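Enquirer: The lines below spell out each chain.
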Amino acid sequence: MNGHTNPRTAALLSVSDVHVAYGKVEAVRAVSLDVADNEIVTIVGANGAGKSTLLNAIMGILPLKGTAAFAGQDIAPLDIEDRVAAGLSLVPEHRELFATMNVEDNLQLGAFRIAKSKAAAAFERVYHLFPRLKERRKQLAGTLSGGEQQMLAMGRALMGTPKLLMLDEPSLGLAPIIVADIFRIIGELRANGVSVLLVEQNARAALEIADRAYVMELGEFILSGPAREIAANARVAASYLGFQHEGASGI
Amino acid sequence: MNTTIMLFLVQDGITNGAIYALLGLALVLVFAVTRVILIPQGEFVTYGALTYASLSAGQFPGTARLALAMGIVAFGFDIYVARKSLRRRLVGRAIIVNIALPAIVFALTYALVGHPSGIAVNIALSLAIVAMIGLFLYRIAFQPIAHTSVLVLLIASVGCHLAMQGFGLLFFGAEGQRGPALSNAAFTLGPLRFTGQSIAVYVVTAAFIVGLWLFFGFTLTGKALRATAVNRLGARLVGIRTTLAGQLAFLMAALIGAVSGILIVPITTLYYDTGFLIGLKGFVAAIIGGLVSYPLTAVAALVVGIVEAFSSFYASDFKEVIVFTLILPVLVLRSLAQPAVEEEKD
Amino acid sequence: MAMPQRLPILLFALVMAAIPFVPGMPPFWIVLLDNIGLSALVAMGLVLLTGVGGLTSFGQAAFCGFGAYTTAVLTTTYGLSPWLTLPLSLLVSGIAAVVLGLVTVRLSGHYLPLGTIAWGIGLFYLFSKLEFLGRNDGISGIPPLSIGSLRMIDPGTIYFAIWIAVLIAALLTMNLLDSRTGRAIRALRRGHIAAEAFGVHAPRAKLLVFIYAAVLAGLSGWLYAHFVRAANPTPFGAQAGIEYLFVAVVGGAGYVWGGVLGAAIVVILKEVLQSYLPLIFGGSSQLETIVFGILLVTLLQLAPTGVWPWLMARLPFTPIRKRPDMSLTLPPRSRATATPSVLLQIDHARKQFGGVIAVNDVSFDVQAREIVALIGPNGAGKSTTFNLITGVLTASSGRISVLGKAINNAPPQDIVKLGISRTFQHVKLVPDMTVLENVAIGAHLRGHCGAISSMFRLDRADEARLLAEAARQIERVGLGEQINQLAGSLSLGQQRIVEIARALCVDPILLLLDEPAAGLRHMEKQQLASLLRQLRDGGMSVLLVEHDMGFVMDLADRIVVLDFGTKIAEGTPGAIKSNPDVIKAYLGAVA
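Residue numbers (our numbering), protein chains in the order written: chain A, 1 to 251; chain B, 1001 to 1346; chain C, 2001 to 2591.
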C-alpha cells in the first residue's frame, strides 16, 4: 500500500468541481477527485453524505455539473452504456443482478460490450477470482446468498474488463466473515490491472486496503490524503471508526 | 351436441386463437422490455393487413408515407437529444435508420405500385413498412418518457392508438378490405376442410413461438432483451442500450402484428378499426398469461379463440361479454395464488 | 406568499356561479362547462382511485352507465321523479362497485387495470344487448330535473346542478384525503405491507375508494342522463373509460383539482379540434382523433406528472402547515393487566418457500424489558422471522405466541393490536407525504373516525390528538426540525428513524427493528442506542436485526444467531463473541 503518491501525473479518472443535484437538493457540492492507474481509492462517510450519489453521477446514472474525464476522454456527454464501453464499471449498492437468469448468463451479459473472442478469457479470470461462482453457474442469480450475489455483481462487472471498478458498499448486509473475503479480493484486483474506487461505510476495512482516501460529509469532501493518515485522524476516528470495540468485526 | 359442429367450432377457434397467441406474445414481449402496455398492437394488425391488401390491389398505401414522416420526426428527436455531442457515428446511424431505410422502402413501394408484383414482394414491403412504424413509434412516443410510471406509459399508448387509428381511417377509408390468400390449396380430413391459409396460420404461429424461444434462450441479443426486462439499470450497467432494446421490442411487436394481419386478411374482411378488438383479445390471452409467460399466453390464446367460437355459435349476442369476462375468474385465481407480492411502484 | 387553504376554492365557486350571468356569454360555452363538470366528477373519483390509491381503472365509464341507466329506466318505465332516482342511481353504482370491486381490488400490479378494461368492455356489450335497456338505441325521453316550476331543460340551468355537485364532491374528497382514512389510502399506493403493519385493512380501504369513485361516476351518469335526456351505450364504453383516465392523468392524477383542470383541457381541446381542424384541413373528420392522440402524447412528454402540479410549482403560494397542538394526548392503548415475563415466544417456527427452508425450526423468546438482537448473514432468515412474527408471512409449522397466547397466523392488522410494531429493512415510507403524516399512520388504530365523518369534518378532535401524538414521537426521536418535510427528502438514515417514530406511535410493548442503524454515523448510532435503552428502561422490549457488531454487542442483552435459517447460538454478547460456531459461520477471526 504505497507508491502513487502523486496520482495527478497519471490520473485514470479525474473529476473536478462536481455538483450533483437530486431535484432541488444538492447532494454533492464542489467535489474533486482523482484515481490513478493501479490505485485503490476509498470514499468514507455516513450514508446520506453523498457518496453513492457521486458514484452514480460518475457512472452517468445521475447528471453532474463540472468536469469528468476518464482515460483522457471527457465523459460528461456520454451515456452510461458508452462509459461502460470506455472501461468504467460500477457495482451498485443494490447490485442490480438479473435475478431470474442464471449465473453464467449474468456473467455472459457482463461481457456484452467486449469482443466475443475476449469473453472466454474473461470467464476464466472471473471464475478464478470467485471459484464459488463456477460451482453455481447454472443457479438463478436471485437464489444466491447475499455474499454470492455480491461476488456475482463484482464478477459481472469484471467480465467487461474495466480499467476502473467502482464499488458501492460491497460489504452491506454481509456476514463479517464474507466481508473479509470480499475485501481480500478487492485487494487482489490491483494485480489484475484494475483500479478501484470504493465507497464504504465500513470505514476501517476500507482504509486498510486503500492507498488513498477521501472523507465525505454533507455532500463535500472535508479531508483527503493517504489512507493511513486518514485512519489516524482524530476526527475521523471519532465519527466513523468509533472507539475500538473489543471483538468488533475482525477486519 | 353435433360432433361435426363441435369440431368445426374448435377448428375455427384454434385458427383465431393462433392469431391471438401471436399478438399476446408481442404484448408480453413489449411489456417485459419497456413496461408499455401496447394498445396500438391492434393497429399494427390493421396496418399490416390493409397495406398488404392495398398493394395487392395496386394502390399506394398511405402507411409508406407515414413511415417516412415518422422517420423524419425520429431523426429530429435523435439529433435534438444528442445536440451537445454530435458525433459522426451517431449522426450516421440516425440518417441510415431514420431517413435512408424508410426512403428506400418508400421508393420501392412507389416504383412497384401498379406493376403486377408477386405476393411475396407485397408481403415483404408490408412487413418492412409496419416494422419501421413500430420502431419509430417507440423512438418518438415512448423513449422520451421511458422512465415514467406504467400508468403514464399506458395513457401515451392510448394516445398512440387513437392517432394511429385515425391515420388508418385516413389511409384506408371506412370500407373493409380483403387480401389475396397465400395459397388456394385445400384438403378435407373427415368432416373438416383445411385451407392453405389456415395451415399457414398454424405454421407461422408455431414458427414464431419456436423462434422466440430460441432467440431469448440462446442468443446474446435475446438474453440482453430479457436482461433489460428483468433489470433496466443492471442492463445499462453492462452496456446494453435500453433504448435500443425498446426499439427492437417494438419492431418485433409491429412485425408480429403485421404478420397476423396478413394472415387473417384473406379470411375475414378487415376495417380500419378491426385491429383494436383483435388486439384486445390478444390482450385477454396476455393477461391470463400474467404478462410474463410466453407458453401460458399461447395456451390461453387458444382457449380464448375456442371460447369465442363456441359463444358466437350459442350466444352470439353475448359473445364479447363472455370473452372479456372470461379473464376475471382467471385473474382472481392468479392473485389468490400469489397474494403477498409487494409491488414497488412509480 | 402563504395562503389559507380554502380561500381559492371559495373564489373559484364565486367565479363559477357568476359565469352564466356574464352578459353575452355564448350558450355554447355553458354547454362546454357542463361537459367539463360531468367529466370532472368522474375524473375526481379517478384521482382518488388511481392517483392517490394507486388503483388504475379503465372501467369508470361503466359506472356512469349504471347511474344513467338506473334513472333512465326508473323515470321512463316507472315514472319515478328524478330526485327519487338520484339515491337509487348512486346505490346501483355503489353496489356494482362492491361486486366488481370485491373481484378487482384484490388483483395486484398490472392485472388490475387490465381487469378493469375487461369488465369495462364486457359491461359495454351488456348495455348494448339487453332488451330492457333498449339495446344499441338506448332509452330516450328522460324527464329533465326540476325544482318546483323550474325545469332544468337548457344547459344554463342544469349548469348549477352540475357545478354544485362538482364543488361538493371536491370538498368532500379533499376532506377525506386530509384525515386518518385519507392517510391510509395514500399509504397504499406504495404497497400494502407497511400500511397493514399499522392496522390498515388494505383490501377494505381499496374497496372504499373504489366505491367512492364509482359513486361519483354514477352521479355524473345521473346528471348526464337528465342533461341530454337520453342514455345509450356509446358514452359508457371502453373508449370513454380510457378517456376519463386520460383526463385524470393529464390534469395530474394525484390532485383533486387536477381532475377538474384535466377535464377542462380535454373537453376544450376536443371541441377546438372538432370545430377548427376541418376549417384548416378541409372536411376530413378523422384528423381530429389523430391530432388529439398526438397532442396527448406530446403533453405527457412535456409534463408527465400532469398539468396541475406543473402549474402549482410555478405559483408563488406555499400552503400553511400548522404545527399540531402538543398539549392534546391520546389515551394509551389498552393492554393486558398482568404482564407475564415472556412477551414473545417462538417455538419451532418453520417457513418453507417451495423447496427452500428459510426458517428452520427456530425457537427463542423475548422477555419483558429486554433488548434481543437477531444476527446472521443476509439470507439467514432474519427478515423472514420478522415477517412471521408480524403476520406478513404465515409459518409452515411451529408456534408463535405473544403474552402466552398463540397468534395462529393472525394477519398483520391483528398483530399490531397486540402491541407489536416494526420497522422495515427497506424503508417503507410514503415519500410524498410529510414526516408528520407518515408517523401519524402509526397511530392509525388509536383513532376512530371513519371515512364518512372525515368527509364532513366531524373528525377534527380525533385528528388533532393523532397528530399531536405523532409530533410527540417525532420530537422523541430527535427529528422535530424535519416534521413538515417530505419523507422522501430525508437521508436514508433519517428515514429509518422516522420509521421508528411511526412504530412508537402504536404505543407498543415490543418494537421490532430491522437494521435500524444502517446508514447512521457513529455518533448517531450512539444516540439511537441510548434511545433504545431508555425505551427498554421505560418498560418496552426490543427485538432487532443489525449487522453493525459494535452497535449490537454494546446494546443487546441477548443475541440470537441464525445461519441458513437455523439457530446456531444464543446468549449474552460476551458468550456469542467467543462462540466458535458463530466465529466460523459469521464473525470470522476475532480481532
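Calculated from the structure, these hints are not laboratory results.
Some hints could be false.
Distance ranges between label pairs, derived from CB positions [said to hold, decoys possible]: (1) B:T1268 x C:E2271: 32 to 38 Å; (2) C:F2012 x B:V1081: 48 to 54 Å; (3) C:D2347 x A:A121: 31 to 37 Å; (4) B:L1233 x C:L2458: 43 to 49 Å; (5) B:L1192 x C:N2136: 34 to 40 Å; (6) C:S2397 x A:T143: 48 to 54 Å; (7) A:S117 x B:I1119: 53 to 59 Å; (8) C:L2084 x B:V1081: 56 to 62 Å; (9) A:E26 x B:L1233: 32 to 38 Å; (10) A:I222 x C:H2426: 55 to 61 Å.
Here the structure is a predicted model, which means the values were calculated and not measured.
Positions of the beta carbon are idealized from the N, C-alpha and C atoms, including for glycine.
Enquirer: Assuming the hint says 34 to 40 Å, is it satisfied by the Cβ distance from B:L1192 to C:N2136 or not?
Expert: With Cβ atoms ~35 Å apart, the hint holds.
Enquirer: Cβ-Cβ distance between A:E26 and B:L1233: within 32 to 38 Å?
Expert: This hint is violated: roughly 23 Å between Cβ atoms.
Enquirer: A range of 43 to 49 Å was offered for this pair. Does it hold for the Cβ distance of B:L1233 and C:L2458?
Expert: holds (47 Å)
Enquirer: Starting from the range 56 to 62 Å, see whether the pair C:L2084 and B:V1081 falls in it by beta-carbon distance.
Expert: holds (60 Å)
Enquirer: Okay, B:T1268 versus C:E2271 on CB: inside 32 to 38 Å?
Expert: holds (36 Å)
Enquirer: Between C:F2012 and B:V1081, does the beta-carbon spacing fit 48 to 54 Å?
Expert: Given about 40 Å between the Cβ atoms, the range is violated.
Enquirer: Starting from the hint 55 to 61 Å, judge whether the C-beta atoms of A:I222 and C:H2426 obey it.
Expert: Since A:I222 and C:H2426 have Cβ atoms about 29 Å apart, the given range 55 to 61 Å is violated.
Enquirer: Taking 48 to 54 Å as the hint, is the beta-carbon distance of C:S2397 and A:T143 inside that range?
Expert: Check failed, 23 Å falls outside 48 to 54 Å.
Enquirer: Within 53 to 59 Å or not, the Cβ separation of A:S117 and B:I1119?
Expert: violated (43 Å)
Enquirer: Honestly, do C:D2347 and A:A121 meet the 31 to 37 Å range at C-beta?
Expert: Violated, at about 54 Å.
Consistency note: the structure conflicts with the earlier hints numbered 2, 3, 6, 7, 9 and 10.
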